[in-house]
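Asker: Fit chain to chain and form the complex, with the hints in mind.
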Amino acid sequence: MTQIMVFETLAEAQTCNAAIDALAAPYWQGLGFTVINGELVPKNAATSLDDLSAQRVTTWAIPRETPEGKWWITSLTGTDFEPAMIDLRAAHTFTEIEMPNWGGALP
Amino acid sequence: MQMRNLAFRGLRLPRLGAMRGGGGAVAPLPDIASAVYWGDASDASTISATSGKVSEWRDRNGGTNKFVQGTAASRPETGTQTINGLNALQFTGGVVSLESPNFMSTSTHTLMFVIEAPDDDWILMAPPAGGQAILVSMSGNTFPPNTNIGSAITSVGGVNLSPDTRVGLEAATTGSVCIAMVENANMSNLSSFVLGEWTPGAALSYRGKLGSFVAMIAPTTAEKNTVGNYLSAQWGAAWVDRA
Numbered sequence: 001m002t003q004i005m006v007f008e009t010l011a012e013a014q015t016c017n018a019a020i021d022a023l024a025a026p027y028w029q030g031l032g033f034t035v036i037n038g039e040l041v042p043k044n045a046a047t048s049l050d051d052l053s054a055q056r057v058t059t060w061a062i063p064r065e066t067p068e069g070k071w072w073i074t075s076l077t078g079t080d081f082e083p084a085m086i087d088l089r090a091a092h093t094f095t096e097i098e099m100p101n102w103g104g105a106l107p
Numbered sequence: 001m002q003m004r005n006l007a008f009r010g011l012r013l014p015r016l017g018a019m020r021g022g023g024g025a026v027a028p029l030p031d032i033a034s035a036v037y038w039g040d041a042s043d044a045s046t047i048s049a050t051s052g053k054v055s056e057w058r059d060r061n062g063g064t065n066k067f068v069q070g071t072a073a074s075r076p077e078t079g080t081q082t083i084n085g086l087n088a089l090q091f092t093g094g095v096v097s098l099e100s101p102n103f104m105s106t107s108t109h110t111l112m113f114v115i116e117a118p119d120d121d122w123i124l125m126a127p128p129a130g131g132q133a134i135l136v137s138m139s140g141n142t143f144p145p146n147t148n149i150g151s152a153i154t155s156v157g158g159v160n161l162s163p164d165t166r167v168g169l170e171a172a173t174t175g176s177v178c179i180a181m182v183e184n185a186n187m188s189n190l191s192s193f194v195l196g197e198w199t200p201g202a203a204l205s206y207r208g209k210l211g212s213f214v215a216m217i218a219p220t221t222a223e224k225n226t227v228g229n230y231l232s233a234q235w236g237a238a239w240v241d242r243a
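Protein sequence lines, in the order shown, are assigned to chains A and B.
Just so you know, the first sequence maps onto residues 1 to 107 in my numbering.
Just so you know, the second sequence maps onto residues 1 to 243 in my numbering.
Since the hints were made in silico from the structure, they are not lab data.
Here the structure is a predicted model, which means the values were calculated and not measured.
Yeah, the Cβ is synthetic: ideal placement off N, Cα and C, and Gly gets one too.
Accuracy of the hints is not assured; some may be wrong.
[As the list claims (entries may be wrong)] Chain B residues, not near chain A, derived (Cβ > 12 Å throughout):
id, residue
1, Gly-63
2, Ala-72
3, Asn-102
4, Pro-118
5, Ser-151
6, Gly-158
7, Val-159
8, Asn-160
9, Asp-164
10, Ser-188
11, Ser-191
12, Ala-218
[Said to hold, decoys possible] Derived CB-CB ranges, DEER-like:
id, chain 1, residue 1, chain 2, residue 2, range
13, A, His-92, B, Asn-189, 38 to 44 Å
14, B, Gly-85, A, Gly-32, 25 to 31 Å
15, B, Ser-107, A, Gln-14, 33 to 39 Å
16, A, Thr-47, B, Asp-241, 36 to 42 Å
[As the list claims (entries may be wrong)] Quick partial rundown of chain A residues pointing at chain B, CB under 10 Å, derived from the structure:
id, residue
17, Ile-4
18, Ala-19
19, Asp-21
20, Ala-24
21, Phe-33
22, Ile-36
23, Val-41
24, Ala-46
25, Thr-47
26, Ala-54
27, Arg-64
28, Thr-74
29, Ser-75
30, Thr-79
31, Asp-80
This is chain B alone, in the form it adopts within the complex (with noise of 0.2 Å):
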């Protein structure tokens, strides 16, 4: 009766997959003009895999970007893992990673991903000969959150790090859900991007979960909210509106 109210005032639904596999997102999905990629875990009809290992996970608004995985041994973990009741990809470490070519490498994006990493931090960062922006995470070391991808603005929940370490990335982050958003990451030069691995030992690669991953270019103050508070009411994230 609920659904046959909203039909009749003319409301958008969820999409079907975004409701599967528990709480989360009630809201329509909305339409940002800047998103290039919208990876959300919890649909999932943008997800292939084999016996819960992930071969590709596709932009949720339909675009052709995704990210993909051909090597048995490397592919993150779906159907194992929740935030918020809803399916997360669990990445373990070692080679574990998804890999877009191509669609990161002409411009400057900023990112926004729901995590929980338990006992690491997280950081982005691309190597100083180009090539790669990764997610990894980063334990026991001092380097900043994001490094040489130009003058990126590192927030979590929406507020910016303070202080902009490690420390602060770490205070902020560890042990629950968040959203943390990266502004401003120039991707110039860049071949791909990859969410999981740096190199494969342990320090340098990804160790938690990931809700969604939401890529967009020259986005607006307002998308970035809008974003935020989607992502915030599906996963159960703490957000606070960007001025």
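So that you can see chain A by itself, here it is in the shape it has in the complex (with noise of 0.2 Å):
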């Protein structure tokens, strides 16, 4: 399932996620992805060549609101960036659960 980090206020939530956001583009570079302006540059599935006209990564997650109001983004925890989570916990204050069935008003 997946695991989601919960902030008191949406400020928090966006602080994280740029925190996330710096760290993200020198990794992507690493790995030998192209990067224009902080925007990961996806690759043709065919060619492995840059797809320079395509639909860019421009941010990790957009930070949404709970319905206790407060606000969260996806967590790193189970992908690349795992590692990075120590840091982000020792500089960031949220609490990381699993993602809950909020469900949602169905018509």
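Answerer: Structure representation (structure tokens):
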């Protein structure tokens, strides 16, 4: 299941997400991917060449509000970036939980 | 030698991309005038990705419509799952989704999906306030297969659901590759189409494979059957011609 990081405020979530974005760019570059203005350029799956006109990855996550009024982003746990969780826990205040089934009001 | 013979007879060969990744497509891609998007996960040339995560899924017919995801944590997977030996996109629930702004919003569409979602059903729905139409999985509830998209008709493998309920859907789709079709889906007043996510909770996001997604505007019955039979041969899913 997906792990998420829950923050008390939107600003805290945004700050942590920005920290993740800052470490992601050099990580991707280290893997041989092209990063332009902090945005990850995808490769064509058939040719393995950069798709410069394709949708780029612009951020790790977009903070979302919980039903309780807190804010969350997807955790790095279980991803290639998981080792960075140690630094994130030291520098940011959040709770890491399994994504709840918030459901949603269906029509 | 066989290839030369085919070419000699003037037959169209399938696009190279469609042949990558294993079994499946052997027939030429049909020319469907009503198709406004044809997503084919087995055609690697239509996918842009990094480390197996999809940022863009383009129209196999070369049109400008496409599905995109610019948020790293929300990208579906490619290269990890197959249907009938062909690459399929894998949606893992949560916030994973692909979105196409604008192109679905103008008309009534017929939508065809090649899906394998072992543990869940799927539905296509739009929130009451408009905004998006969304493919999601459903489990543990009684909502109908399609909600808030007008007088849509749901079929699996060309056969209308009976009963046209989640129970009927579950009986028709659980644990098998299927061609799901939604006819007369009213996309008016919608700003985008999302494959995968309704809400981030586990119950309302799509968890499963997606091989193809074809969107058509006012297709003829012949066109629906042409697409259905093509997808059936490609992905190994059942199809019965619509009358």
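Asker: If a hint holds in the structure, say so; if it doesn't, say that too.
Answerer: Here's how the hints hold up against the structure:
1. Listed as a non-interface residue, Gly-63/B keeps its Cβ farther than 12 Å from every Cβ of chain A; the least gap is roughly 15 Å.
2. Remark: the non-interface label on Ala-72/B conflicts with the geometry, its nearest Cβ contact in chain A lying 5 Å away (cut-off 12 Å).
3. Taking the minimum C-beta to C-beta distance to chain A, about 14 Å, the non-interface status of Asn-102/B holds against the 12 Å cut.
4. With 12 Å as the threshold on Cβ separation, the claim that Pro-118/B sits away from chain A holds: the shortest Cβ distance comes to roughly 16 Å.
5. Against the 12 Å criterion, Ser-151/B stays outside the reach of chain A, whose nearest CB is about 15 Å from its own CB.
6. Against chain A, the non-interface label of Gly-158/B holds: every CB pair exceeds 12 Å, the least being about 28 Å.
7. Its beta-carbon lying about 26 Å from the closest one in chain A, Val-159/B satisfies the requirement of being farther than 12 Å from that chain.
8. Here Asn-160/B stays apart from chain A, with its beta-carbon at least about 22 Å from theirs, past the 12 Å limit.
9. The beta carbon of Asp-164/B is kept farther than 12 Å from every beta carbon of chain A, the shortest such distance being approximately 17 Å.
10. With 12 Å as the threshold on Cβ separation, the claim that Ser-188/B sits away from chain A holds: the shortest Cβ distance comes to roughly 16 Å.
11. Remark: the non-interface label on Ser-191/B is consistent with the geometry, its nearest Cβ contact in chain A lying 17 Å away (cut-off 12 Å).
12. Chain A leaves Ala-218/B outside its interface by the beta-carbon criterion, the shortest separation being 26 Å against a cut-off of 12 Å.
13. One distance hint, 38 to 44 Å for the beta-carbon pair His-92/A and Asn-189/B, holds here, with the actual separation near 40 Å.
14. Between Gly-85/B and Gly-32/A the beta carbons are some 29 Å apart, a value that agrees with the proposed interval 25 to 31 Å.
15. One distance hint, 33 to 39 Å for the beta-carbon pair Ser-107/B and Gln-14/A, holds here, with the actual separation near 38 Å.
16. The given range of 36 to 42 Å is respected by Thr-47/A and Asp-241/B, whose C-beta atoms sit roughly 37 Å from each other.
17. The criterion of a C-beta within 10 Å of any C-beta in chain B is met by Ile-4/A, whose closest approach is roughly 8 Å, and the hint holds.
18. Hint status for Ala-19/A relative to chain B: violated, with the closest Cβ pair at about 14 Å, above 10 Å.
19. At about 9 Å, the closest approach between the beta carbon of Asp-21/A and any beta carbon in chain B falls short of 10 Å, and the interface hint on this residue holds.
20. Annotation: Ala-24/A was flagged as interfacial toward chain B, and the flag holds, the nearest CB pair being 7 Å apart, inside 10 Å.
21. Interface hint at Phe-33/A: satisfied, since its Cβ lies 6 Å from the closest Cβ of chain B, which is below the 10 Å cut-off.
22. Interface hint status for Ile-36/A: violated, as the beta-carbon distance to the closest one in chain B is roughly 13 Å, over 10 Å.
23. For Val-41/A, the interface hint holds, since its Cβ comes within 10 Å of a Cβ in chain B; the closest pair sits about 8 Å apart.
24. About 4 Å separates the beta-carbon of Ala-46/A from the nearest beta-carbon of chain B, less than 10 Å, and the hint is met.
25. Hint status for Thr-47/A relative to chain B: holds, with the closest Cβ pair at about 7 Å, below 10 Å.
26. The closest approach between the C-beta of Ala-54/A and any C-beta of chain B is roughly 4 Å, which is under the 10 Å cut-off, so the hint is satisfied.
27. For Arg-64/A, the interface hint holds, the least distance from its beta-carbon to any beta-carbon of chain B being 6 Å, beneath 10 Å.
28. The beta carbon of Thr-74/A is positioned within 10 Å of a beta carbon in chain B (closest approach about 4 Å), and the interface hint is therefore held.
29. Taking 10 Å as the C-beta cut-off, the interface hint given for Ser-75/A holds, the closest approach to chain B being about 9 Å.
30. The criterion of a C-beta within 10 Å of any C-beta in chain B is met by Thr-79/A, whose closest approach is roughly 8 Å, and the hint holds.
31. Annotation: Asp-80/A was flagged as interfacial toward chain B, and the flag holds, the nearest CB pair being 7 Å apart, inside 10 Å.
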